[in-house]
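Residue numbers (this note's numbering), protein chains in the order written: chain A, 1 to 425; chain B, 1001 to 1141.
Think of the hints as simulated: they come from the structure by calculation, not from any bench. Watch out, some of these pointers could steer you wrong.
Stretch-level coverage of chain B by chain A, calculated; a stretch enters the list once three of its residues show a Cβ under 8 angstroms from a Cβ in chain A [stated by the list, open to error]: (1) 1066–1075; (2) 1080–1089; (3) 1125–1139.
With a straight-line cut-off of 27 angstroms between C-alpha atoms, the simulated DSSO-like cross-links for lysine-lysine are [as the list claims (entries may be wrong)]: (4) K367(A) <-> K344(A); (5) K1139(B) <-> K1123(B); (6) K177(A) <-> K1141(B); (7) K1088(B) <-> K237(A); (8) K237(A) <-> K1123(B); (9) K373(A) <-> K419(A); (10) K334(A) <-> K344(A); (11) K1088(B) <-> K1116(B); (12) K237(A) <-> K1137(B); (13) K129(A) <-> K177(A); (14) K1137(B) <-> K1116(B); (15) K184(A) <-> K154(A); (16) K231(A) <-> K1028(B); (17) K220(A) <-> K15(A); (18) K1116(B) <-> K1139(B); (19) K13(A) <-> K237(A); (20) K237(A) <-> K1028(B); (21) K373(A) <-> K403(A).
We put the CB at the ideal spot given by N, CA and C, even for glycine.
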Amino acid sequence: MEYQHSVSLDIEKCKGCTSCVHHCPTEAIRIRDRHAVIDPMRCIDCGECIRICPHQAKIALRDDLLDLQRFKWKIALPAPSLYAQFNNLEDVDFVLQGLLDIGFDDIFEVSRGAELVTARTRQYLKLRKGPRPVISSACPAIVRLIGLRFPSLKENILDLLPPMEIAAAMAREQALKDHPEFKKEDVGVCFISPCPAKMSYVKNGLPGYKSQVDVVVGFKDVYFLLINEMKHSRRPKTLSESGMIGIGWAASGGEAMALFNDAYLAADGIDNCIRVLDRIEGGDFPNLEFVELNACPGGCVGGAMTMQDPFIAKARLQTLRRFMPVSQNFVDEKEAIPESYFVKDMGSYTPLNRLSDNMAESMRMLKEIRELKEELPGFDCGACGAPTCRAFAEDVVKGNASKYDCILTHLEDVKAYLKEHEGKA
Amino acid sequence: MSEALTLHFDVNGEDFTSAGQASVRFKKNMRELGVDPEIIRRASIAMYEGEINMVIHAHGGVADVNVTEDAIEIILTDKGPGIPDIEKAMQEGYSTAPDNIRSLGFGAGMGLPNMKRYTDEMKIESTVGVGTTVTMKIKLK
C-alpha cells in the first residue's frame, strides 16, 4: 500500500519560491510548473516546510473533530506538549477538564503511556544486549528518516511502541472494561497531536501493526475551544494521572533524562539529528547507551501543529512540572516486558541514496552526475527548482529535469552568443 | 469546634520515581473538601516539598493531615538522618541533595523555604540520627 503523507501543498497559495526546497532535510521538494512538488518516497513528514513556507502553502493534513461522531465513546489522548500551549496554566487538570467540557467522554494522557515506556526502556537497557546506542522510537519522522537514509542503524532503534500507542491501547481497554455495553468499534480514540509525523504514523501503521488511534487532530483544532471552556473552570476534577517524567517527554531530553542513565545524548532539530545519525553511522561516536532524537526544534513542543514558540513552551513545562510527582505509572520490573510493547517489524524502505537497483548502472549514473556537476555554477540558487546543483545534476541524470533548466549556465551561453554577435547586428 | 478530619499518607522512599504520590492524593482530597483553590495551591506545594524532602533525605516517612474548619495541619514525620543545623537548612539555595536527583530539577535548596513561605506556621523538630518532624499549618479563615 502506498505511504500516506500528512504534509501536503495548497497549490493556490504556493508561489513557487524555493524556501521549502532549500529547507527540506531529505531534498524531497522540487519546483515544477511554478509550484512545489513533494516526492512521496523521500518525504518524512517532518513539517520543516510547513514551518518555513512564507505563504502558508504547506499544510498538515489531519482528521476533523467531527470524524469522532461515528463513535459512541470518545476518548481524548492529549500529547504532553499540549499543556505547554497555555498561558499561566497552574495545573494540567484544567486542560483535561477542558477536554471533557468540549465534548470528550473521557481523557487518557499520553504522558501515562510515556511513563510506562520510560520504565520499560530502563528495563530494556538493562536486559537487552544488542547494538548501542539504542535510538528512541518516539519521533516518527526520525524513524522514517533512519529507514530512508541510515538503514544500517535500523537495528539501533528501540523496538518498543511509542507512548501514544501504549496510551491508546490502554484507553480503549479501560473504556471497554468500564462500559461493557460498548463494542470495540464504539470506542474512538483521538490523539491530539503537535505534529504531522504522528498523523502519518497513525495512518500508515507498521507492517502487521495497525495503530490503536482512530482519529488525529492538531493542537490548533482544539485550542480555541479549550480556551473558551478553561476560562470558566475554576475547580477542575483531579484528572491527571502522570508526573514530571511523562510531561517531560514533551521537550527534548525529557525521555532520555528519565532513564536515570548518564550515558545519553539528546538532539533536536532535524539537521542536528541528521548530524548525530551520521556520526553514529560513521562510528565516530562516544559509548552511549541511549540517543533521543526529535525532528522538531526543542522536541515535540516545536511541532508544526503547535501554537506556541517551542522555547516559551519549554519554559512553561518547567513551571508546570515543578510540583508534580516524579511519576504515577509504574511497572513490575520483575515481570518481563509484555509482548504487546514490542514492535515486530519496523518496516523497510528503499534507501534514498541508491541511484538504481543495478550496481553498474549506478556507477555510470554517478560518473555522469559528477561530470555534470562540474559544469554547473555551484551557487545552489534553486532557480532550477532543485535545492542544490548536486541534486539538480542527479535529477538530470535520472531524467527528471533538463540540463537547460539551469538558467545560470544558460546565461553564460546567452552572453557568449551576444559577444559573438556583437556589432554584427 | 467540629471534629477534625484526619488523613494519613505513607510516603514511600524506596523508589525515587514514586516521589510526589502522596501530594497528588492530598490535593485530590482537598478538592473534594471544596477548599479554596488558592489555599489548595499553597498547601499542595508545602506538602509536595515536604514529601520530596522525606524521599530524598530520609527514605520516606509519613504525612498526617488534620483538617478542621479553621485550618489544615500537615505533620511530616521521618526516621531519617535529622537536620544538624536547621537555620542553615532554612536558607534559600542551601541543599544537600545528591547529583542524580538534581538532574530532574530537584535539590535547588528551595524545599524548606517554600514550605515556610506557603504556610502560616511551620515548626521543625529534628534530632540527628533519629529523625525529623515538620508541622505546618495553613489557616482556612
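Hints and how they fare:
Using a Cβ-Cβ cut-off of 8 angstroms, 0 residues of the region 1066–1075 of chain B lie near chain A, which falls short of the minimum of three, so the contact claim is violated. Check result for the region 1080–1089 of chain B against chain A: violated, 0 residues qualifying (beta carbon to beta carbon below 8 angstroms, three or more required). For the region 1125–1139 of chain B, the stated coverage by chain A is violated: 0 residues have a C-beta nearer than 8 angstroms to a C-beta of that chain, whereas at least 3 were required. A hinted pair counts as satisfied when its Cα atoms are at most 27 angstroms apart, and K367(A) with K344(A) does not qualify at roughly 40 angstroms.
Taking the CA atoms of K1139(B) and K1123(B), the gap is about 15 angstroms. The hint holds against a cut of 27 angstroms. For the hint pairing K177(A) with K1141(B), the CA-to-CA distance comes to about 44 angstroms; that exceeds 27 angstroms, so the pair is violated. For the proposed pair K1088(B) and K237(A), the alpha carbon gap of about 39 angstroms is over 27 angstroms, so the pair is violated. Among the hinted pairs, K237(A) with K1123(B) is inconsistent with the structure: their alpha-carbon atoms are about 32 angstroms apart, more than 27 angstroms.
Between K373(A) and K419(A), the direct Cα distance comes to roughly 25 angstroms. Compliance with the 27 angstroms bound is thereby established for this hinted pair. Restraint check: the Cα-Cα separation between K334(A) and K344(A) comes to about 23 angstroms, which is no more than 27 angstroms; the hinted pair holds. The straight-line distance between the Cα atoms of K1088(B) and K1116(B) is roughly 14 angstroms, inside the 27 angstroms bound, and the hint therefore holds. Pair hint K237(A) plus K1137(B) holds up; C-alpha atoms about 24 angstroms apart against a cutoff of 27 angstroms.
Simply put, K129(A) and K177(A) have alpha-carbon atoms about 37 angstroms apart, too far for the 27 angstroms limit, and the pair is violated. Our distance criterion of 27 angstroms between C-alpha atoms is met by K1137(B) and K1116(B), whose separation comes to about 10 angstroms. Straight-line distance between C-alpha atoms of K184(A) and K154(A) comes to about 34 angstroms, which puts the hinted pair past the 27 angstroms bound. At roughly 21 angstroms between alpha-carbon atoms, K231(A) and K1028(B) fall within 27 angstroms of each other, so this suggested pair holds.
Taking the CA atoms of K220(A) and K15(A), the gap is near 25 angstroms; set against the 27 angstroms cutoff, the hint holds. For the hint pairing K1116(B) with K1139(B), the CA-to-CA distance comes to about 13 angstroms; that is within 27 angstroms, so the pair holds. About 44 angstroms separates the Cα atoms of K13(A) and K237(A), which puts this hinted pair outside 27 angstroms; it is violated. As the CA atoms of K237(A) and K1028(B) are separated by approximately 8 angstroms, the hinted pair is consistent with the 27 angstroms bound.
Taken as a hint, the K373(A) and K403(A) pair is honoured in the structure, with Cα atoms around 10 angstroms apart against an allowance of 27 angstroms.
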